[in-house]
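Full structure from sequences and hints, please.
There are 2 protein chains.
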Amino acid sequence: MTVAARSGGMTTGQKINSLETLRNLCGNDLKKVNKLILNNMESEVDLIPQLAGHLISAGGKRLRPLLTLASARLCNYEGDKHIGLAAAVEFIHTATLLHDDVVDSSESRRGQETANAVWGNQASVLVGDFLFSRAFMLMVKSDSLKVLAILANASAVIAEGEVTQLTTANNISTSESTYLKVIKSKTAALFSAACRIGAVISDRPDKEENALDQYGLNLGIAFQLVDDFLDYNGLNNQLGKDVGDDFREGKITLPVILAFERGDTKEKLFWQRTLENLDQNDEDLEQAIHLLKKHNALNETQIRARSYTETARTALNQFPKSPYKSALEEVVNFCVERTY
Amino acid sequence: MTVAARSGGMTTGQKINSLETLRNLCGNDLKKVNKLILNNMESEVDLIPQLAGHLISAGGKRLRPLLTLASARLCNYEGDKHIGLAAAVEFIHTATLLHDDVVDSSESRRGQETANAVWGNQASVLVGDFLFSRAFMLMVKSDSLKVLAILANASAVIAEGEVTQLTTANNISTSESTYLKVIKSKTAALFSAACRIGAVISDRPDKEENALDQYGLNLGIAFQLVDDFLDYNGLNNQLGKDVGDDFREGKITLPVILAFERGDTKEKLFWQRTLENLDQNDEDLEQAIHLLKKHNALNETQIRARSYTETARTALNQFPKSPYKSALEEVVNFCVERTY
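If you read the sequences in order, they're chains A and B. Heads up: the first sequence runs through residues 43 to 382, numbered per our numbering. Heads up: the second sequence runs through residues 43 to 382, numbered per our numbering.
Hints in this document: simulated from the structure, not taken from any laboratory. The reader is advised that the hints may include incorrect statements.
Same chains, same names: a pair is fine if it fits in one copy or spans any two.
[As the list claims (entries may be wrong)] Derived SDA-like pairs (lysine to any residue); straight-line CA-CA distance at most 25 Å:
hint: 1; residue 1: K103; residue 2: G286
hint: 2; residue 1: K183; residue 2: D245
hint: 3; residue 1: K103; residue 2: K226
hint: 4; residue 1: K223; residue 2: N81
Spelled out as structure tokens, the structure:
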């Protein structure tokens, strides 16, 4: 990590994959989480671990469970409840991915076929439900009703965000504020809950709980902004999903909202034809990227992301210097500088 | 209720709709449950209460929440936690129905269009997730981790049953024992959990908890057996779903398992063509019902259902005579004698 990165500025020369410090620091805990994940997706119904394993072992970053582990350790937690909760957080995330892919009719994720493409939508819906239930079983073991309330609420908020997103799909007049509401709910709610529960199981005061909540929330917003940026600017082989997926599905993300606002009549018609009517031809993605760049929409999306990461970083000021704090600061860089 | 019915024998002259006693007895509680259901399906995302309300207000029997209410009262429960838990049980049930209808591509339920037929599969999946999350939020308010564990486990078991059912669809060689495992999981698990938690919140001894669990489990098995019977023998307008739905989808239920086992080569070919290959013509449903009757498969399905209801009834012996006990005994009659 460079000094510039630590102080908040982004430099082009800094280490890109800044999840490694966190992964190393939480290595032992993460091994236990992975073991618990494998144990808890077992079922005498063979299809369940097959389908769940397809997604869970497909090279996920384990970012959300890492946040739970690190948040707990940041709060000097010494017990073992963070292990089960980190696994629960990953299960909730996996369940939402399975249901998302059904909702989006996605065919590839993380560079391989989606579960719904292999086993069909029906199995994906049901295995998502199974993982979601198992997540709650894991949470019960934390013995904390407060943790259960936080994660149950986050799950409801995620679903609300996804439903709102459904109603904005193919609607190019979607406002920035609606977009922001969607990504806060569908992505950032789980980030913030994953962090907050680290303070809860450590019995830390409200201000630390809130600080971790704000860290996760703002990190999650930045993460999704970058995701939406990468969908027009990523490299297929690193991204693990196809550049242009959002475009092909007519998903309304910040880059296109900005470009549409700034476009002339002809350009507006282009966005309406391609994203609202899904009437697309081979050259349209290239033209879309051209328009996004012309109106500085991709850069601005990155700039917004960085502004949220600043807020995330500031929230950590609540905590004294520690290796976990530094690692969580680095995660901020990862989330905004990542190329996958 | 007739003496014959109370003692376990079924007579043709008895009152058919024996849910009424229970509904009347739990009337005040049920009103509170319905209010809580309406409040908790609220969301600023309009589509959520619209879609959820479509199903929840569509004349459901509220059988499962009634079981929770009555089980708690049977255990002399005096608090108000049973209200929230009954609502949670109904939410879990509704979420599974929403996901079921997506899985089955059903177009009608309870005599009206399914949510997925009106709003699409995507919204049904997500609103199901929302209700499931809200169910857990309601459960957290019960302040009982044991209740949460029971219902989270039941939810996982339901999903397992549904996945197993998926793997048996269109497989006419499905064994009776696999079929039984499916219906125990997908249907009876929630019945037994709904009853058991009544004893848990009342702090009753294990033997009462287990008795209510067994009552619910066996009632649930009987309920599903009758459901599968009615799919070939019901009246469309009362059933609220179409006679022959299972046949058209190639669902393998006990009546067809029995008729297939007992059929000659030509009949086996008929079942394979219609249920495995889904190669069906207009006269096939009639022919299927003819074969089911010829081999006594419908009668036997009813007889099995009655045997489970006997076990359910016996489980209640654990409890002294009371209006709630009598009402729960009557529910047994309802579940097996119902025509819808």
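Review point. Okay, which hints does this one fail, numbers in order?
Key: none
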